[in-house]
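Novice: Below are the chains, spelled out letter by letter.
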Amino acid sequence: ETGVTQSPTHLIKTRGQQVTLRCSSQSGHNTVSWYQQALGQGPQFIFQYYREEENGRGNFPPRFSGLQFPNYSSELNVNALELDDSALYLCASSLLAEETQYFGPGTRLLVL
Amino acid sequence: GQSLEQPSEVTAVEGAIVQINCTYQTSGFYGLSWYQQHDGGAPTFLSYNALDGLEETGRFSSFLSRSDSYGYLLLQELQMKDSASYFCAVNQGGKLIFGQGTELSVKP
Chain A
1 ETGVTQSPTH
11 LIKTRGQQVT
21 LRCSSQSGHN
31 TVSWYQQALG
41 QGPQFIFQYY
51 REEENGRGNF
61 PPRFSGLQFP
71 NYSSELNVNA
81 LELDDSALYL
91 CASSLLAEET
101 QYFGPGTRLL
111 VL
Chain B
1 GQSLEQPSEV
11 TAVEGAIVQI
21 NCTYQTSGFY
31 GLSWYQQHDG
41 GAPTFLSYNA
51 LDGLEETGRF
61 SSFLSRSDSY
71 GYLLLQELQM
81 KDSASYFCAV
91 NQGGKLIFGQ
101 GTELSVKP
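Protein sequence lines, in the order shown, are assigned to chains A and B.
Note that my numbering numbers the first sequence so that position 109 is 109, with each residue one more than the last.
Note that my numbering numbers the second sequence so that position 75 is 75, with each residue one more than the last.
Because the hints were derived from the structure by calculation, they are not lab data.
Hints are not guaranteed to be accurate.
What the hints assert, rightly or not - Simulated restraints on C-beta separations:
no.	chain 1	residue 1	chain 2	residue 2	range
1	B	K81	A	D84	22 to 28 Å
2	B	T44	A	A38	18 to 24 Å
3	A	L67	B	D52	36 to 42 Å
4	A	S65	B	T11	41 to 47 Å
5	A	E52	B	P7	21 to 27 Å
Backbone N, C-alpha and C fix where the C-beta goes; we use that ideal spot for every residue, glycine too.
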């Protein structure tokens, strides 16, 4: 267990809806990264937050947005959901300069 | 573009040794990480190489050659519980770029 928690564990939405996923980072970590993992694929980097500012973004459209709070917890928001957004969403916490990212259990999102 | 190549599947027997190779082509490189993921679970950190050479952590070892853009994960004394997916990932200053994963099946 890494100490990184995510909620909810599972979620079902319909196309066009909006969703918010939450992540609490491991104690002492100030950086949160979000990844999308489609079935049978490796995780893909969405974005990273450091001290409440976005600190790098992957190849995802603007309808994927995020926030980091003063306690370093984070939210991932996805607007106008599409069927292809169905995936496991993982957050990982770390110290910015540290190699090791510690992953949470993920939120499995199904878009119908 | 950025790419990481690793075998999609590997099968081995209990007690054996297996090596999972990873070659990468990325625009930035701080180091190579390895993660294990059981079905439906979170990726778990196994090992990290920033410099050339071998890193050993118990039954798992990882190797990196930066000049060859190549690394491998070596698993010794395989156990049934080692059946999982294994991912190499390039660290680009905190951002991880993952390979597609290697599914390891350990047979009795």
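Novice: If a hint holds in the structure, say so; if it doesn't, say that too.
Specialist: Here's how the hints hold up against the structure:
Restraint check, K81 (chain B) to D84 (chain A): a C-beta distance of roughly 33 Å breaks the suggested window 22 to 28 Å. Hint check: T44 (chain B) to A38 (chain A), Cβ distance near 20 Å, so the stated range 18 to 24 Å holds. Take L67 (chain A) and D52 (chain B): their Cβ atoms lie about 39 Å apart, and the range 36 to 42 Å holds. Take S65 (chain A) and T11 (chain B): their Cβ atoms lie about 42 Å apart, and the range 41 to 47 Å holds.
In this structure the hint that E52 (chain A) and P7 (chain B) lie 21 to 27 Å apart at CB is violated, the actual value being about 41 Å.
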